[in-house]
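Chemist: Quick note, the sequences are listed as chains E and P, same order. When the letters of the first sequence are read in order and numbered with full-length UniProt numbering, they come out as residues 1 to 464. When the letters of the second sequence are read in order and numbered with full-length UniProt numbering, they come out as residues 1 to 95.
Hints should not be assumed to be uniformly reliable.
Claimed, not checked - A short list of chain E residues far from chain P (calculated; beta carbon distances all over 10 Å):
#1 Thr77
#2 Leu85
#3 Arg260
#4 Leu266
#5 Gly336
#6 Asp400
#7 Thr418
Said to hold, decoys possible - With a straight-line Cα cutoff of 30 Å, these simulated DSBU-like cross-link-like pairs (lysine-lysine) come out:
#8 E:Lys415 x E:Lys462
#9 E:Lys256 x P:Lys24
#10 E:Lys75 x P:Lys24
#11 E:Lys369 x E:Lys447
#12 E:Lys369 x P:Lys24
#13 E:Lys338 x E:Lys415
#14 E:Lys415 x E:Lys447
#15 E:Lys256 x P:Lys92
#16 E:Lys21 x P:Lys24
#17 P:Lys92 x E:Lys291
#18 P:Lys24 x E:Lys153
#19 P:Lys24 x E:Lys326
#20 E:Lys338 x E:Lys326
#21 E:Lys155 x E:Lys145
#22 E:Lys75 x E:Lys256
#23 E:Lys145 x E:Lys447
#24 E:Lys447 x E:Lys417
#25 P:Lys92 x E:Lys25
#26 E:Lys334 x E:Lys256
#27 P:Lys24 x E:Lys289
#28 E:Lys51 x P:Lys92
#29 P:Lys24 x E:Lys155
#30 E:Lys291 x E:Lys25
#31 E:Lys334 x P:Lys24
#32 E:Lys326 x E:Lys291
#33 P:Lys92 x E:Lys75
#34 E:Lys155 x P:Lys92
#35 E:Lys334 x E:Lys462
In short, the hints are calculated from the structure, not lab data. Glycine residues also receive a C-beta, built at the ideal position from the N, C-alpha and C atoms.
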Amino acid sequence: MFVLINFSYLAAAVCFILGIKGMTKPTTAVRGNQIAAIGMLIAVVAALLDKDIISYATIIAGMLLGAGIGVWLAKRTAMTQMPELVASLNGIGGAASVAVASSTWLNALAANNLGSSGWSVAILASIIIGAVTLTGSLVAVLKLKGSIGETTKGKLWQAVTLITLIAVIVGSALFITSSEHNPLALAALVGLCLLLGVGLVQPVGGADMPVVVALLNAYSGLAGAATGFVLDNQGLIITGSLVGASGLILTAVMCKAMNRSLPNVLFGGAFGQTDSGPKQDEGEFYAGKVKYATPDDLALLLDGARNVVMVPGYGLAVAQAQHAVKELASQLEKRGAKVSYAIHPVAGRMPGHMNVLLAEAEIPYDQLKDMDAINPELPQADVAIVLGANDVVNPAAAEDPGSPIYGMPILDVHKAKTVIVVKRSLSPGFAGIPNGLFIRDNSLMVKGDAKDVLQATTSAIKEL
Amino acid sequence: MEMFVLSFTIFILALFVGVELINKVPPTLHTPLMSGTNAISGIVIVGAIISAGSTDLSPTVAGVLGFLAVTLASINIVAGFLVTDRMLNMFKRKG
């Protein structure tokens, strides 16, 4: 029976691998997700057959409660809130790891059956990574929601983090080597790790949250792998490291797309010390050089365009304008224009955020082009419409070596014949620098909410 | 100790499998990938079930923590898989 149960965990891990493999293509992804869910079912059944289980009441109560909350969360969340949901789920996963490790340790203590020091290390790893993931995700969610702004006390938080980190290391060393086992010591350690999570994420800028969310995703996986070491369960270890690898790769992708290293994102503060240097006067930068247009002008321009590129950014998500984009695109396609969508890897608040929003509006995914695919095509574009994106289309990143974002890969929209920037104001993006794109000869600005502008343009085109 | 070495070997090999596999996922699917792997990380429910079930009904701290762990892991699994399915179905239909 024991062998059979262990084989079930292996089968579950294989299902997860096949499931992720399915996610490599949009057409097979739904099936992949289902295979992964079947794997989870196998693992749960195997766990329920475990010889140590003497009572099912708490298990069933917990599962029903959790499943109810889970269904509610999944149904209620809008596509624009996906980053917050993923960040929350990371945190919940971390909390689960902490609870499992603490509970396992307390059970072993009560049975006077504490494992080797290797086992204690695994318990601690689950607790440390899990607790950091929990509070780190909590801070990330609040920052994504805008409930906590940028901190002005970055240095103070870094000091707190450093002290907490040292305390955690010393505490862990004592915990492993000490022969006295006190549940209160464990509780204190959990508390320190919770504080550490806050300290690590609090100083990171709001614009860098996508990187943090991806990294916390990796942590939640690694916490699971550590739990696998606690339970001597290889299925858990395989699964945890799969999730860990996934999070680490996404983190690397995001960092590369911003031309920054991970330590720079985590400890450097947003784009260095932008506030210490002489601030460029925005009023002067833009004075009299920005050409404004109305939705009617935009409609006339688009009427003659054959090749149109939409460039969505976070502003599109804020304005919930994904359906309005689709409507305008359908009108243009009816008139024989080719419409594609240029998606920068860090557009939005998490990897792939824009793709999900556009997919919700039933825009075919083969029209969505990533940066490397669309950049060579942009010089041929008649009109590029920038919808609430800013730093990812700032030509300074390619042309001005003095700019703080110099070297960051951008979408070359300034090479299109005409660029339309739809934006609520001239306020800078997260990098805090003015955008030279807005004052180029080939660019026009339409002020307003992305959704309103797009809808006005669509109705103007219909009347032409 | 031998068990640990074996487990650690599996851990490292699985990391490599993960890297190879996930590098092939297109950027379009990165959000569903994150929510999907989120659901998969709910595998800690295995540990949660064992610790929640191995204490009898007398309310100990360990028992309460076990119950909490089962609940949290279930949220992770159910919400993760459902929301991933919701998103992926949007990608499935074409225009």
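Chemist: Hint by hint, note whether the structure agrees.
Modeler: Structure-based check of all given hints:
no., hint, in the structure
1, Thr77, "violated (6 Å)"
2, Leu85, "violated (6 Å)"
3, Arg260, "holds (18 Å)"
4, Leu266, "holds (19 Å)"
5, Gly336, "holds (16 Å)"
6, Asp400, "holds (27 Å)"
7, Thr418, "holds (26 Å)"
8, E:Lys415 x E:Lys462, "holds (28 Å)"
9, E:Lys256 x P:Lys24, "holds (17 Å)"
10, E:Lys75 x P:Lys24, "holds (29 Å)"
11, E:Lys369 x E:Lys447, "holds (26 Å)"
12, E:Lys369 x P:Lys24, "holds (16 Å)"
13, E:Lys338 x E:Lys415, "holds (18 Å)"
14, E:Lys415 x E:Lys447, "holds (21 Å)"
15, E:Lys256 x P:Lys92, "holds (29 Å)"
16, E:Lys21 x P:Lys24, "holds (8 Å)"
17, P:Lys92 x E:Lys291, "violated (41 Å)"
18, P:Lys24 x E:Lys153, "violated (40 Å)"
19, P:Lys24 x E:Lys326, "holds (28 Å)"
20, E:Lys338 x E:Lys326, "holds (13 Å)"
21, E:Lys155 x E:Lys145, "holds (24 Å)"
22, E:Lys75 x E:Lys256, "violated (33 Å)"
23, E:Lys145 x E:Lys447, "holds (24 Å)"
24, E:Lys447 x E:Lys417, "holds (20 Å)"
25, P:Lys92 x E:Lys25, "holds (10 Å)"
26, E:Lys334 x E:Lys256, "violated (38 Å)"
27, P:Lys24 x E:Lys289, "violated (45 Å)"
28, E:Lys51 x P:Lys92, "violated (42 Å)"
29, P:Lys24 x E:Lys155, "violated (39 Å)"
30, E:Lys291 x E:Lys25, "violated (43 Å)"
31, E:Lys334 x P:Lys24, "violated (35 Å)"
32, E:Lys326 x E:Lys291, "holds (26 Å)"
33, P:Lys92 x E:Lys75, "holds (19 Å)"
34, E:Lys155 x P:Lys92, "violated (47 Å)"
35, E:Lys334 x E:Lys462, "holds (11 Å)"
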